[in-house]
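Visitor: What follows is each chain in one-letter form.
There are 2 protein chains.
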Amino acid sequence: MRSAGAVRFRDPQIEMAHGAGGKASRRLVEGLIAPLLGGPLLGPLMDAAVLELGAERVALTADAFVVRPLRFPGGSIGELAVNGTLNDLAMAAARPAALVVTLVLEAGLAASVLEAEVRAIAAAAERAGVGVVGGDTKVVEHGKADGMYITTTGLGIVDPRARLSPAAVRPGDRVLLSGPIGDHGITILLARGELDFEASLCSDTRPVLPFVERLLDVAADGLRWMRDPTRGGVASALNELAVDTRLGVGLLEEMIPLRDQVRGACELLGLDPLHIANEGQFLAVLAPEVADAALAAVRATPGGEAAALIGEIRTEPAGAVLSTAPYGGARIVDMLVGDPLPRIC
Amino acid sequence: MRSAGAVRFRDPQIEMAHGAGGKASRRLVEGLIAPLLGGPLLGPLMDAAVLELGAERVALTADAFVVRPLRFPGGSIGELAVNGTLNDLAMAAARPAALVVTLVLEAGLAASVLEAEVRAIAAAAERAGVGVVGGDTKVVEHGKADGMYITTTGLGIVDPRARLSPAAVRPGDRVLLSGPIGDHGITILLARGELDFEASLCSDTRPVLPFVERLLDVAADGLRWMRDPTRGGVASALNELAVDTRLGVGLLEEMIPLRDQVRGACELLGLDPLHIANEGQFLAVLAPEVADAALAAVRATPGGEAAALIGEIRTEPAGAVLSTAPYGGARIVDMLVGDPLPRIC
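Order-wise, the sequence lines are chains A and B.
FYI, the numbering for the first sequence is 1 to 345, going by this note's numbering.
FYI, the numbering for the second sequence is 1 to 345, going by this note's numbering.
Because the hints were derived from the structure by calculation, they are not lab data.
Here the structure is a predicted model, which is why all the values come from computation and not from measurement.
Backbone N, C-alpha and C fix where the C-beta goes; we use that ideal spot for every residue, glycine too.
Treat each hint with caution, since some may be false.
[As the list claims (entries may be wrong)] Rough simulated footprint, nothing fancy, chain A against chain B, three-plus residues with beta-carbon under 8 Å:
1) 51 to 65
2) 129 to 136
[Said to hold, decoys possible] Taking lysine to aspartate or glutamate and the EDC-like style, the derived pairs with C-alpha atoms no more than 20 Å apart in a straight line are:
3) Lys23/B to Glu141/A
4) Lys144/B to Glu15/A
5) Lys23/B to Glu115/A
6) Lys144/A to Glu141/B
7) Lys144/B to Glu56/A
[Claimed, not checked] Some chain B residues near chain A, calculated using beta-carbon distances under 8 Å:
8) Ile14
9) Glu15
10) Gly19
11) Ser25
12) Leu28
13) Ala98
14) Gly108
15) Leu109
16) Asp146
17) Leu155
Please take these sequences and the hints and turn them into a complete structure.
Guide: Have a look at this one:
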């Protein structure tokens, strides 16, 4: 679908924005990394790669986590590193079979901090019923990492009912969002104490596989596409969908679940909530005939009560996302540009 | 075999030695990480985890690379990151099916340096006939990494002929080493320019799967155990074997292939070549009746000409490695203690 080579990477050096999940990230991956590594399938563009292995379809993914601070309301890097990778598998409709965790530790890190994160990794893996089967640990000099960076690899078995592909997306399909957006990004920002703003927000980090299983039960091959809107937010994920399908996405702004505190922080900071990262939400494109049943199924699953159908797939504007406000007026929602909230995962 | 919980981690903070592959690394993994993550199978102790997936036996591994400098005679971090992971699969007798690469990039990294390493990754993967099917890229602030850290995940299919296990090792088994030791570690040390010593050494980074395939052809289940002696060197790998099997390893010092330049550098620095890291060598334990044929097979494979049988498995000294010098005299070879050569991979 994606035309490899259409994007050129001309930036002379790496900037924070290249890791933000928006336009610069896409330029780096599509313009430099993917062409050299042999194909447009690589990179953050796909949450997980799906491979045929004997009679099984397996999904393989790996994600690096560099969030700071290491602990924040609602979670920590260890929990995030497991949930994030599990969610990439879930977006490929894959149940986890094994995790591998690699740690880059900074010399001088308190053993108690490491122990807390290993416990968080263990708890998140146990919650998902998957084992950590291997790992690797490297140590770099003091100052050469922020306590720790974690990369988590996930291997999963794809549900045989799943038929996910951007190629399956049709005009008239509905877009489901699992819950309120922006909690994770704004929580991290507040946890850094750089902002004179109080809010009782928590990261939304959680595994989303339980929702995906209910969706497969009710929608089967009416479930066309899924993505967890992490870095770059809902806007970047839906823009990638629009580009990949050459279709348009029409959003109904008032249908998008959003906490007042996130809305307030975004207004204060001049940020669009659609650009803020989430760590426990997902987007799904559903055939119109199964959309209502799918929404009911997600809402009936604990933690899915705020799910909503937030828009639909259209032929126009091809390759773009158009958001309509409640009292008229519409705007093109672009991918994230720059990096307003660095290192949120 | 290994008694989990026997090791306690009491160190108050992380030090460079915890990443060196020797005693401190083992204490960290066995005393803290593995018990919390639910078992003694985890960590650098195993090069790759082997899982049953439907009818297939698959191997899964991930390794973090933080070598500095990024480029050195004979290789670079990108090539090392692919070969190192391929070799962990090879040590499980697994052929690679897919790689996933995650990058942590430092803001300010020249795009040309990144491009060179992505090219190195692509070339090493192509040489091994395996695709890079996915990845992830994060960016941290200038000063928070040394250009880049890479984690490489490998998924492989285990050769059905392989019956590798420390439990299969018997007294009388022979120990094969694939070639000269210490080239990688000493090359990295010299590349840092911290040493007033000139040598025309190159890293030995290379994939070792071609040798493993020949070994399986001639030895089948006479091939008991393999390990690539990276961090911590041959001494640490064989000590782990000795501890895991509760048997002894007897080495014949004069049989160990070693370049004069590595010997000279080690004498100058007071290092034991058996503690120096390798990135293109492996150790194999073979049943005595197949050992000579196995040696001939490795020697007949390009790059294996210097392979040697360097010792044998004995009942004594149980749990330890004893090295015998050419003109009499024997010494216990311990695991690496401390970190004389930090960040060599």
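Visitor: Hint by hint, say whether it matches the structure.
Guide: Checked hints:
1. 51 to 65: This one holds; 12 residues, not fewer than the three required, reach chain A with a Cβ under 8 Å.
2. 129 to 136: holds (count 6)
3. Lys23/B to Glu141/A: 19 Å, holds
4. Lys144/B to Glu15/A: Since the Cα atoms of Lys144/B and Glu15/A sit roughly 13 Å apart, the hinted pair holds (cutoff 20 Å).
5. Lys23/B to Glu115/A: 19 Å, holds
6. Lys144/A to Glu141/B: The hint holds at about 10 Å.
7. Lys144/B to Glu56/A: Given that 20 Å is the threshold and the Cα spacing comes to 41 Å, the pair is violated.
8. Ile14: Cβ of Ile14/B sits 4 Å from chain A, so the hint holds.
9. Glu15: 6 Å, holds
10. Gly19: 3 Å, holds
11. Ser25: Holds - the Cβ of Ser25/B comes within 8 Å of chain A, reaching about 7 Å at its closest.
12. Leu28: This hint holds: Leu28/B lies near chain A, its Cβ roughly 6 Å from the closest one there, short of 8 Å.
13. Ala98: Constraint on Ala98/B satisfied, holds at 6 Å.
14. Gly108: 6 Å, holds
15. Leu109: Because about 4 Å separates Leu109/B from the closest Cβ in chain A, which is inside the 8 Å limit, the hint holds.
16. Asp146: This interface hint holds because 6 Å falls under the 8 Å limit.
17. Leu155: 6 Å, holds
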